[in-house]
Structure formats: C-alpha cells, structure tokens
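*Asks:* Read off the chains here:
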Amino acid sequence: EPEVTQTPSHQVTQMGQEVILRCVPISNHLYFYWYRQILGQKVEFLVSFYNNEISEKSEIFDDQFSVERPDGSNFTLKIRSTKLEDSAMYFCASSNVLSTGELFFGEGSRLTVL
Amino acid sequence: GIQVEQSPPDLILQEGANSTLRCNFSDSVNNLQWFHQNPWGQLINLFYIPSGTKQNGRLSATTVATERYSLLYISSSQTTDSGVYFCAVEKGGGADGLTFGKGTHLIIQP
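So the protein sequences, as listed, match chains A and B. Going by this note's numbering, the first residue of the first sequence is number 535, and it counts up by one from there. Going by this note's numbering, the first residue of the second sequence is number 470, and it counts up by one from there.
Derived from the structure by calculation, the hints contain no laboratory data. Each hint should be verified, as a subset may be incorrect.
Lysine to aspartate or glutamate pairs mimicking EDC-like chemistry, simulated, CA-CA at most 20 Å apart [to be verified]:
hint, chain 1, residue 1, chain 2, residue 2
1, B, K560, A, E590
2, B, K571, A, E578
3, B, K560, A, E593
If you're wondering where the values come from, they're calculated on a predicted model, not measured in any experiment.
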C-alpha cells in the first residue's frame, strides 16, 4: 500500500541552526501539507502546497518557514533559524483531491531544539 | 475558524470493554477523518467519513453531518488500542487543511 515517508525520524539541533525535513508523498497525489504537533498538544496545520506554490498557510507559518518541491518526488520543510519553541513532531501529508479528499499522513519527524 | 470538540478527554477501560468517542464540530464540513496516534507518535488513518457509517473490524464510525457530530466505536478493546484518538475536519472550499480536535486519550488496561 502506498504511503507517505518522512526523514529524518528524529533530529536534534542547536537553537539558531537551519533544519530541513523531507517528505516523499504518495506518487499520484497532487496536494501536500505540513502539520505540527507540540508535545501533548493537538495537531496544527502549517501549510498546503499545490502546483509548486503555497495554497494556504496558517499564522504559525511565518518567515522562518519555507517549503519546496525540489524535484518530482520530494517535498521539504525548511526552518531557517530554529527556536526552542519549534521543538515538535512535524507531519507531512498528501492527498489527490483538494479539499474534501482524504489526507494520508507520514510517520512524522520529531525535531528537538536545544 | 471551525471548532472541534472531542469527548471524553480521557478514558480508562479494561481489556474487552466497548467504548464510544465523540466529536462535535461547529460548522458544516466536507471532510472528516479519525486518527489513532500510537505511543510512538505515528498518526494512523482510521476512517475517512464525512457522512454515513463505516466499519473496519472492531472499529466503526458514524458521522451525522446535519447534526455536526461523529462517533467512533471501539468494541472488545485490546491493549494495543491504547493511544490518542483524534477527529479532524475540513470545512471545504479551499486548501486550509484539517482542523484537529484535542483528542481522546484512551488507556486499555489488561
């Protein structure tokens, strides 16, 4: 069964460092998403991406964040200068239908900022 | 934005018991999904159920869209059912993503 894959599964970084989280969405999907879950809290929407551009973004997704689809298979989330409060689980998701379509989530990348 | 409320927040049951988890949402939705977050933090798709009833083994779900709620039923609970169950909805009409509830933390004791 096709699945969304994410790397790394866990990353530890120093405050102020740049981090890139990688995702390989399901191959025939067209819509890609990043979500964040701070430990013990609910999952929050960060950004959606379609046709090589951002479709929607939440207020969490500030100038420190960026997304990119550098090739035909990868979808990345970059945090330019990490802060302690960026420590969270980051989930990538994809769907083949915009809005009303089922989203499939990856297993998450746990980011710890020291 | 749309509000999603899940109840109960916590639930402790003995193995073999049945349970019902509820999700209320504040507006009409075009997408509703139930997830199980296991102890390793992974989000597992359980149901895509914007309306109607579905069953998958010991789990079933019902969404009554006109009354803005969904129910997740777990029968004959097993210890592996432990974890957090999230309901997430999308209002539709754009790409603003799923809005998650705070989840129900389920503990199944042997």
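*Asks:* Hint by hint, which ones does this structure get wrong, listed from lowest number up?
*Replies:* Violated hints: none; all satisfied.
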